[in-house]
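There are 2 protein chains.
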Amino acid sequence: MSYTKIAAIYADSETLSGQTVTVGGWVRTIRDMKQFGFLELNDGSCFKNLQVVMDAGVLSNYAEIAAQNVGAALVVTGAVVLTPGAKQPLELKAASIEVEGTSTPDYPLQKKRHSPEFLRTIQHLRPRTNLFSAAFRVRSAAAFAIHQFFQDRGFVYVHTPIITASDCEGAGEMFRVTTLDPKNPPLTEDGQVDFSQDFFGKPANLTVSGQLNAENFAMAFGDVYTFGPTFRAENSNTQRHAAEFWMIEPEMAFCDLKGDMDVAEAMIKYVLRYVMNKCPDELSFFNSFVDKGLLERLEHVASSDFGRVSYTEAVEILSKNNDQFDYQVFWGCDLQTEHERYLTEQVYQKPVFVTDYPKEIKAFYMRLNDDNKTVAATDCLVPGIGEIIGGSQREERLEVLERRIQELGMKPEDYWWYCDLRRYGSCRHAGFGLGFERLVMYLTGISNIRDVLPHPRTVGNAEF
Amino acid sequence: MSYTKIAAIYADSETLSGQTVTVGGWVRTIRDMKQFGFLELNDGSCFKNLQVVMDAGVLSNYAEIAAQNVGAALVVTGAVVLTPGAKQPLELKAASIEVEGTSTPDYPLQKKRHSPEFLRTIQHLRPRTNLFSAAFRVRSAAAFAIHQFFQDRGFVYVHTPIITASDCEGAGEMFRVTTLDPKNPPLTEDGQVDFSQDFFGKPANLTVSGQLNAENFAMAFGDVYTFGPTFRAENSNTQRHAAEFWMIEPEMAFCDLKGDMDVAEAMIKYVLRYVMNKCPDELSFFNSFVDKGLLERLEHVASSDFGRVSYTEAVEILSKNNDQFDYQVFWGCDLQTEHERYLTEQVYQKPVFVTDYPKEIKAFYMRLNDDNKTVAATDCLVPGIGEIIGGSQREERLEVLERRIQELGMKPEDYWWYCDLRRYGSCRHAGFGLGFERLVMYLTGISNIRDVLPHPRTVGNAEF
Chain A
234 MSYTKIAAIY ADSETLSGQT VTVGGWVRTI RDMKQFGFLE LNDGSCFKNL
284 QVVMDAGVLS NYAEIAAQNV GAALVVTGAV VLTPGAKQPL ELKAASIEVE
334 GTSTPDYPLQ KKRHSPEFLR TIQHLRPRTN LFSAAFRVRS AAAFAIHQFF
384 QDRGFVYVHT PIITASDCEG AGEMFRVTTL DPKNPPLTED GQVDFSQDFF
434 GKPANLTVSG QLNAENFAMA FGDVYTFGPT FRAENSNTQR HAAEFWMIEP
484 EMAFCDLKGD MDVAEAMIKY VLRYVMNKCP DELSFFNSFV DKGLLERLEH
534 VASSDFGRVS YTEAVEILSK NNDQFDYQVF WGCDLQTEHE RYLTEQVYQK
584 PVFVTDYPKE IKAFYMRLND DNKTVAATDC LVPGIGEIIG GSQREERLEV
634 LERRIQELGM KPEDYWWYCD LRRYGSCRHA GFGLGFERLV MYLTGISNIR
684 DVLPHPRTVG NAEF
Chain B
234 MSYTKIAAIY ADSETLSGQT VTVGGWVRTI RDMKQFGFLE LNDGSCFKNL
284 QVVMDAGVLS NYAEIAAQNV GAALVVTGAV VLTPGAKQPL ELKAASIEVE
334 GTSTPDYPLQ KKRHSPEFLR TIQHLRPRTN LFSAAFRVRS AAAFAIHQFF
384 QDRGFVYVHT PIITASDCEG AGEMFRVTTL DPKNPPLTED GQVDFSQDFF
434 GKPANLTVSG QLNAENFAMA FGDVYTFGPT FRAENSNTQR HAAEFWMIEP
484 EMAFCDLKGD MDVAEAMIKY VLRYVMNKCP DELSFFNSFV DKGLLERLEH
534 VASSDFGRVS YTEAVEILSK NNDQFDYQVF WGCDLQTEHE RYLTEQVYQK
584 PVFVTDYPKE IKAFYMRLND DNKTVAATDC LVPGIGEIIG GSQREERLEV
634 LERRIQELGM KPEDYWWYCD LRRYGSCRHA GFGLGFERLV MYLTGISNIR
684 DVLPHPRTVG NAEF
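Chains A and B are the protein sequences, given in the same order.
Throughout, my numbering is defined as the position within the first sequence, counted from one, plus 233.
Throughout, my numbering is defined as the position within the second sequence, counted from one, plus 233.
No wet-lab data here; the hints were simulated from the structure.
Quantities reported herein were computed from a predicted structural model and do not represent experimental measurements.
Hints should not be assumed to be uniformly reliable.
One copy or two, either will do: identical chains are not told apart, so a pair holds if it fits within one copy or between any two.
[As the list claims (entries may be wrong)] EDC-like cross-link-like pairs, simulated, lysine to aspartate or glutamate; straight-line CA separation at most 16 Å:
hint, residue 1, residue 2
1, K511, D653
2, K435, E696
3, K416, D427
4, K281, D245
5, K583, D538
6, K644, E632
7, K326, E273
Just chain A, same shape as in the assembly (with noise of 0.2 Å):
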């Protein structure tokens, strides 16, 4: 701890200048010319090697270092220099230099380009790349904004439940928590699996979202957010799915969709902002190297008012269009990426939130219009991307609540305390899930979920 580290050397560089430190870090490349040679030291405190100049007549154990593998881990003290003419604007002319881990010579990390695929079976070494350092040093940037954004506005961070008795959303798929004899499950006398004796006394799974516990809270705190894991058991093998991400969800009283959609677009110019602040080298790395047209749509993306449409006005203009789409659009139907992209990149060319959906292709807490056939729901899509964000005013009238959760056949005794937020004080009230790896693909353009993920869950796949 008593090292210095490479990014404080480069935002300090005059006060360091012709100073003596010294820097623990890896070896990214290594040359040898016999009487010096140079070496590129990486510690991750940023995107940037350090230069360490070697000079045979200077370090006793030259041959030593200059005989290290790529990957290697060292410790080298010397003097900051400024090289205001050079390739980079200083390096270290090192006077000592301590091995403190080997590498071999098949270390698999070979200054060459690896595929992502050969990338993610080796993920606990993928971070010592530069496209996960820069991928996982944005996530971290990206995570911290979000929190920074909602406790400046006050908001109340609570973390929901992970493990849930209830699949409360409806939401499909779940993964089963269990401590039960996986072959011999106890039995009733009915011949069914005895869930009173699993671990909770009930079937218990692991949460899909912490929408409706979020609610309890934002019924006391009035603004609340979560930020944590969600799962998926979805047997889908696609680029943008995982079977555990994390989420954002928000939850706001006295707050309608307008509030919630100003939220939103508030909430990711502010991450956007953040994150080209905190870090130009990774955005422009991605820029040259994963998505050329990177750092000219965050720009126009953060300084953009976002357009707003409704579902029904988005249906007409995209109708029009039929003909270049694989799924026709109509009335009631539930738009696909190949619309929500069109919409987004052709119509807006910019992120637009789509509101007021169909109530049949709506979850059953978002509140009925006064046209009884639409909920007031949104959804944000943005070039590159599609849907980043879906939201909605939540039905606060509790007759209107439990006629819907009678009409969409649930049991509403299993949701007595959702209901009790509607008997005691309700009040108009809004929230928006973010999925949080799509935010960092959008800030990275990296194409696929499992390079965003630090060790991604996916069918088949729990490694590391």
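Position chain B relative to chain A; hints supplied.
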């Protein structure tokens, strides 16, 4: 969102004095004196209520408002009036009040003392009480303080996976995560459960710690931290254990045990100071109604240098007082809570790090000391709680680690990637785990973990 938060009124009372604002919140108390009345409104933006003055001469719906029950949601528009001599520093003179949502005379949270046990049966409503309003606001502030502490120091936040396919710590009972039919699981030819047909193609569990994964990232980023849920399927029903809880696990490269303790001590002090500054009303409430010595203890801890003592020395001290313990202390024994509390409360009277425990009672990944008997582990003990942090320097020597894995009868092939970290650029590194709920209990004086978790999960309990 265009409403003014009560927190903002208190914070900006000079500016807002005489101004008209609109507030949305819930009735905590209501007093009707026929021609005028008072109500206390809480909107969750801060601990304090707002006193609203109702005048029957001003409000055309005075009777309707005066008849509202505790818990009702109201929207109040009125002028902010400073009341320097009065019990509260300001009040709102209502010009209009609208009922947003009524409550009922049998609203469960009447103005009287409710037992924590009762309140656990109405977890959806308990955030509306003073106790839980304060507890969860402190929890949110402490969570943010943790992020701020690490981000300010350049640590990268890593979302280590929740679902894992290996019991890497060997840390005991885990929850199984599955999509197999619970009653008739597929079987292999030899009659065993065929986990190749399970979602991940093998048995999977909920994580007990993100540490081993965090090490992957520390070896790339230098300093990283996790902050996420962890799980224990222990059938224990105590005040200090939950099946689902949140943990913070920093991991630092080029860091030894001393550096590890330095970070842990700085982090605890930072969080204490942050919460003391951010939540004075909440802490003052806890100090008055939950734990009389709280404020004094927090101030003392935030300004003390933590003690540091080796396990061997601690055993010497403790064994002289064996007559005071249920369990006798001897070299080699695991310290019980009674011993830990004696050490921190009686001997040191402040937090203390105990270091260098016998290897037999600690985990396989902890670094073996030169004495071959102890490992570079540390527990941080705090008055009133006992252990709050457990950490260690990790074994960075491949051959020592592999020997330890075999000694303990673990399977080396399960740890191929963990051992790889020692093969390619290994370096000294260290980290620790902080149970977040323990920290919140410490900050609030609340003695039952069920009362610092939004919706606690324990044996037999996964309601809400």
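Do the hints match the structure? See the list:
{"no.": "1", "hint": "K511 to D653", "result": "neither (44 Å within a copy, 32 Å between copies)"}
{"no.": "2", "hint": "K435 to E696", "result": "between (29 Å within a copy, 10 Å between copies)"}
{"no.": "3", "hint": "K416 to D427", "result": "both (13 Å within a copy, 9 Å between copies)"}
{"no.": "4", "hint": "K281 to D245", "result": "within (14 Å within a copy, 44 Å between copies)"}
{"no.": "5", "hint": "K583 to D538", "result": "within (8 Å within a copy, 54 Å between copies)"}
{"no.": "6", "hint": "K644 to E632", "result": "within (15 Å within a copy, 58 Å between copies)"}
{"no.": "7", "hint": "K326 to E273", "result": "within (12 Å within a copy, 68 Å between copies)"}
Hint 1 from the list above is the single one not met by this structure.
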